[in-house]
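Residue numbers (UniProt numbering): 1 to 181.
No false leads were mixed into what you were given.
Below 25 Å or equal to it, Euclidean Cα-Cα: the simulated SDA-like pairs (lysine to any residue) are:
| hint | residue 1 | residue 2 |
| --- | --- | --- |
| 1 | K151 | S108 |
| 2 | K151 | A176 |
| 3 | K151 | S140 |
| 4 | K151 | V81 |
| 5 | K151 | T103 |
| 6 | K151 | Q106 |
| 7 | K151 | Y110 |
| 8 | K151 | V99 |
| 9 | K116 | T103 |
| 10 | K151 | Q171 |
| 11 | K116 | R92 |
| 12 | K151 | I94 |
| 13 | K151 | T107 |
| 14 | K151 | G102 |
| 15 | K116 | G102 |
| 16 | K151 | L119 |
| 17 | K151 | A137 |
| 18 | K116 | L83 |
| 19 | K116 | I94 |
Computed Cβ-Cβ distance ranges for the label pairs, DEER-style:
| hint | residue 1 | residue 2 | range |
| --- | --- | --- | --- |
| 20 | D28 | I94 | 41 to 49 Å |
| 21 | S108 | T31 | 34 to 42 Å |
| 22 | R160 | T31 | 46 to 54 Å |
| 23 | H79 | L34 | 24 to 32 Å |
| 24 | R112 | L72 | 23 to 31 Å |
| 25 | E49 | D88 | 16 to 24 Å |
I should point out that these hints are in silico values taken from the structure, not numbers from a laboratory.
All C-beta atoms in this analysis are idealised placements derived from N, C-alpha and C, irrespective of residue type, glycine included.
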Amino acid sequence: MLGLQAHPLPGPTPAALRVSDRETPHEDPATQQLLTRRLGVARELLMRELRDQMAQGPVMSSPQVLRDWLRLRCAGLQHEVFLALYLDANHRLIAHEEVFRGTLTQTSVYPRELVKSALARNAAAIAVAHNHPSGQAEPSRADEFLTQTLKSALALVDIRLIDHFVVAGDQCVSFAERGLL
Numbered sequence: 001m002l003g004l005q006a007h008p009l010p011g012p013t014p015a016a017l018r019v020s021d022r023e024t025p026h027e028d029p030a031t032q033q034l035l036t037r038r039l040g041v042a043r044e045l046l047m048r049e050l051r052d053q054m055a056q057g058p059v060m061s062s063p064q065v066l067r068d069w070l071r072l073r074c075a076g077l078q079h080e081v082f083l084a085l086y087l088d089a090n091h092r093l094i095a096h097e098e099v100f101r102g103t104l105t106q107t108s109v110y111p112r113e114l115v116k117s118a119l120a121r122n123a124a125a126i127a128v129a130h131n132h133p134s135g136q137a138e139p140s141r142a143d144e145f146l147t148q149t150l151k152s153a154l155a156l157v158d159i160r161l162i163d164h165f166v167v168a169g170d171q172c173v174s175f176a177e178r179g180l181l
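Generate coordinates for the entire structure from the input sequences, incorporating the hints supplied.
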């Protein structure tokens, strides 16, 4: 059996090596680029897996999968986006789409365009979501008014609005769960 012991080196003690003294991966542009690419691939693979899970059964039967997908989809965005998830009669995912794109604090949403997109996909139901880049997931009065407007417009063509989500960072607020739908 080989025994190893630490013996002090003769001579003056060298200065302790601190973490900040070493080159970190983010300082090397090639390493940073590789890491960014790998994280992007991992994110895309995870989003595909979650999307496949949503297509296999009713979207709202596994709301955590939908919330995870929405968080990944909106992660890091510095502008608002308005997303639509088109569902069949059994609430399985037909398609998803970024319907509108806005600025840092707002997005213009046109109910007519959302209705057209839902009809083009023969959707029986729809779930919508938008992000708040500010990090505050609390729905605004404008968000609540928009939800009621969309619900009414979609109901005219027999499409049910099943939920509206507000995503901010790792938070995802459901209008249906709050009784706002």
